[in-house]
Amino acid sequence: MSGLKLVATCVLGQALPLWLLTIHPSAWLAAVALCLSGLANGIVNPPIHSQMTLRVPPQLRPSVMTVNVMIFGLAQPLGVFGVGPVLDAFGPQPVLVAFAAVQTLAMSLIAVSTLAVHRSAVAARGAQA
Amino acid sequence: MTWLALPWFVLVTSGSATRMSAVVGAELIGLAVLGIPGGAVLRRLGAWRTMVLSDAIRAPLMLAIPALYWAGVDAFAPILVLAFLLGALAGPYFAAQKVIVPELLGEDEALVGRANALFQGATRMTMLLGPVLGGILIATVSAPWALVVDAGTYIVSAVLVLTLVPRPAPLPPTDEDVGARRGLRFLAREPLLRLWTPVFALGDTAWTPSSSACRYWSSPASTPTRGSPAGSWPRSASAPSPATRPRTSFCSSA
Numbered sequence: 001m002s003g004l005k006l007v008a009t010c011v012l013g014q015a016l017p018l019w020l021l022t023i024h025p026s027a028w029l030a031a032v033a034l035c036l037s038g039l040a041n042g043i044v045n046p047p048i049h050s051q052m053t054l055r056v057p058p059q060l061r062p063s064v065m066t067v068n069v070m071i072f073g074l075a076q077p078l079g080v081f082g083v084g085p086v087l088d089a090f091g092p093q094p095v096l097v098a099f100a101a102v103q104t105l106a107m108s109l110i111a112v113s114t115l116a117v118h119r120s121a122v123a124a125r126g127a128q129a
Numbered sequence: 001m002t003w004l005a006l007p008w009f010v011l012v013t014s015g016s017a018t019r020m021s022a023v024v025g026a027e028l029i030g031l032a033v034l035g036i037p038g039g040a041v042l043r044r045l046g047a048w049r050t051m052v053l054s055d056a057i058r059a060p061l062m063l064a065i066p067a068l069y070w071a072g073v074d075a076f077a078p079i080l081v082l083a084f085l086l087g088a089l090a091g092p093y094f095a096a097q098k099v100i101v102p103e104l105l106g107e108d109e110a111l112v113g114r115a116n117a118l119f120q121g122a123t124r125m126t127m128l129l130g131p132v133l134g135g136i137l138i139a140t141v142s143a144p145w146a147l148v149v150d151a152g153t154y155i156v157s158a159v160l161v162l163t164l165v166p167r168p169a170p171l172p173p174t175d176e177d178v179g180a181r182r183g184l185r186f187l188a189r190e191p192l193l194r195l196w197t198p199v200f201a202l203g204d205t206a207w208t209p210s211s212s213a214c215r216y217w218s219s220p221a222s223t224p225t226r227g228s229p230a231g232s233w234p235r236s237a238s239a240p241s242p243a244t245r246p247r248t249s250f251c252s253s254a
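If you read the protein sequences in the order shown, they are chains W and P. Note that the first sequence covers residues 1 to 129 in this note's numbering. Note that the second sequence covers residues 1 to 254 in this note's numbering.
Please keep in mind that the hints were generated in silico from the structure rather than gathered at the bench. Honestly, I wouldn't trust all of these hints.
[Unchecked claim] Beta-carbon label-pair distances, calculated as ranges:
#1 W:HIS24 to P:ILE136: 30 to 36 Å
#2 P:LEU184 to W:LEU115: 22 to 28 Å
#3 W:ALA121 to P:LEU162: 38 to 44 Å
#4 W:LEU36 to P:GLY15: 37 to 43 Å
[Stated by the list, open to error] Straight-line alpha carbon distances no greater than 25 Å define the calculated SDA-like cross-link-like pairs of lysine to any residue that follow:
#5 W:LYS5 to W:GLN93
#6 W:LYS5 to P:ALA77
#7 W:LYS5 to P:LEU45
#8 W:LYS5 to W:ILE43
#9 W:LYS5 to W:SER113
#10 W:LYS5 to P:PRO198
#11 W:LYS5 to P:THR197
#12 W:LYS5 to P:VAL141
#13 W:LYS5 to P:GLU107
Predicted model, so just to flag it, every value in this text is computed and none were measured. Note that beta-carbon positions come from the ideal geometry of N, C-alpha and C, so glycine has one too.
Just chain P, with the same shape it has in the complex (with noise of 0.2 Å):
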């Protein structure tokens, strides 16, 4: 609901796509100065608690950006700021999620692959209703509240973590360096994910494009133009004026 919920709020808000392209941007520079200190974070706290932690200090980021907004508040420096501490607790908490299957569940194969099963249908059904719920909220009730419904859900989230999962037990303090570096290291020379992390990663970079393409031809404006075949791929010189193309930066799925 964030990714949907966030951008459009500062777009209604201000009124300027560069601003809502900004602050996605905030999140995800967010994401990649902190993700690797991140780490560190997750290494020390355990996944049980870094997951609880995240959750429990993203509700209130969240709440503050309706709250400046209702305050009246010019606010869109505040808001690059919590989009970039948003972006940033992101990291450790995605891999919290990662790292606390196995401390639950143990090294087995097959069992960590059933979980992860599970796990992978829940993530893709939320992922899925999140917008439809996102677009229906800012529909009926307005930007500003779907981003308080918003910090309720990580709310809502810590709760069931604290009350639901067990927590596992911390993994035995080691002199080895466990750090980020000694961590790029083990994915560069790992026989499988040395090949599998930067291969998926392009074919994930792929997704977005294409689905840039999707949209541009979906779009009324790129129908086929007077001669050509019906139904045929439109062509550079069918392209649509630039106050009718669609926009093709992911922001635009807001």
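Isolated chain W (complex conformation) (with noise of 0.2 Å):
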């Protein structure tokens, strides 16, 4: 199975177990999620960032991976603004209500959008062909 076509498929995968995560506060349910979720990372990791290397010209490849760098070494601290008061005012279940919501939508773009991009790739290499 080509790289994209697996991200396709798989990435879901890491979103949708996170709904457990809101059903109730278990340490066994959260571990369950999470390690569910970590299966899925563990599959489409590798392909996600050897198309993010790739797809890259080799000459562009030290400024485009050092703003990814600094885009992605800044996104997980970001997310900790706002989250105090929310949770403060209404619990963590919104808060993983949420999260859990976010990382499906963001998945099922990622999912839709790979696979276009991967089906236009293989309808251009057959009228190559």
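Make one complex out of these two single chains by using the hints.
What follows is the structure in structure tokens.
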């Protein structure tokens, strides 16, 4: 299976188990949810990193990779802004529901766009042949 | 280990969570401010030399922090500068880690994918074991010595790359503009990456509040109040008092 197809078919697997976190405050349920999500992440991460590297022309890689490291390095800390007041006001459930929803929406977008790019690449190869 | 040992060191030596947060912030500002110029350094030196040099420079920078402490210097301002520099060097180092894989293996997607799988496995293992080792070191030999060990790991890393990683041939020079602005334009126009980059970044951003929420409900302070159904989600009425409330900042991982 090509890297793109693997990402398109499995990327939602890292988002859907996170809905388990929203059901009940149980350490076991959280462990199962994160384990399932982590397994899917382990499958899709290598092709994601390969695509993010190989789709960039070699001469541009130093610039693009540094920009990427900066974006992703800052993305996680940014998530803390605003979470404190929400936790204080509503408790953890809305945060975890929002988290599962954001992940599901984001990974759905990734799956659809990746599938579209994969299909157009296959069509282009077919036209060349 | 750095992400645990450095904030913890600041917390235990200063007794101030604000100072701890400032040090973590300085590291992030270093990554943000010098991230893009770091790309120019990476382009000029190549991935292999960037990795070796980043590690070789970060080792003494990290070592300077416990050295200042043992010298009895009030070292908060210098530590901020050192943390800023550590963050600034992290950008080109991690970018070089990505760039060097196809430089060593070529452009074959399957081969690069297999290498990335091994690389990700090793990285995740260190992310799992690093904080554990850091915690054990802090508990057994103290936070300053944990930083000495952390500095040692940079030296080990530099030596491993120097001795075990072949030095790829340098890229041929080009007259094309390959600067950061061109890189950003490329990211904005490439059919897949223009969506992947912001969406995966959004996904990453969402992880931090979720781990804060998990810590919140797993803390004794967030147990259900009398009269609420057992195991139900704590609501605002049962929110813990400020004194017992866990910090929600990512800095509280220390």
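The hints, checked one at a time:
For the hinted restraint 30 to 36 Å between HIS24 of chain W and ILE136 of chain P, the CB-CB distance of approximately 33 Å keeps it satisfied. Taking the beta carbon of each, LEU184 of chain P and LEU115 of chain W are about 26 Å apart, inside 22 to 28 Å as hinted. The beta-carbon spacing between ALA121 of chain W and LEU162 of chain P, approximately 39 Å, falls within the hinted interval of 38 to 44 Å. Restraint check, LEU36 of chain W to GLY15 of chain P: a C-beta distance of roughly 41 Å satisfies the suggested window 37 to 43 Å.
A C-alpha spacing of about 34 Å is found between LYS5 of chain W and GLN93 of chain W, which places the hinted pair above 25 Å, so the restraint is violated. Straight-line distance between C-alpha atoms of LYS5 of chain W and ALA77 of chain P comes to about 50 Å, which puts the hinted pair past the 25 Å bound. Of the pairs offered as hints, the one joining LYS5 of chain W and LEU45 of chain P is violated, with about 35 Å between alpha carbons and a cut-off of 25 Å exceeded. Restraint check for LYS5 of chain W and ILE43 of chain W: the C-alpha separation of about 12 Å stays at or below 25 Å, so the hint holds.
Of the pairs offered as hints, the one joining LYS5 of chain W and SER113 of chain W holds, with about 11 Å between alpha carbons and a cut-off of 25 Å not exceeded. Between LYS5 of chain W and PRO198 of chain P the CA atoms are separated by roughly 20 Å; this keeps the pair inside 25 Å, and the hint holds. Note on LYS5 of chain W and THR197 of chain P: the hinted pairing holds, with a Cα-Cα distance of about 18 Å set against a maximum of 25 Å. Restraint check for LYS5 of chain W and VAL141 of chain P: not satisfied, since their Cα atoms lie roughly 49 Å apart, outside the 25 Å limit.
Taking the CA atoms of LYS5 of chain W and GLU107 of chain P, the gap is near 18 Å; set against the 25 Å cutoff, the hint holds.
Hints 5, 6, 7 and 12 from the earlier list are contradicted by this structure; the remaining hints agree with it.
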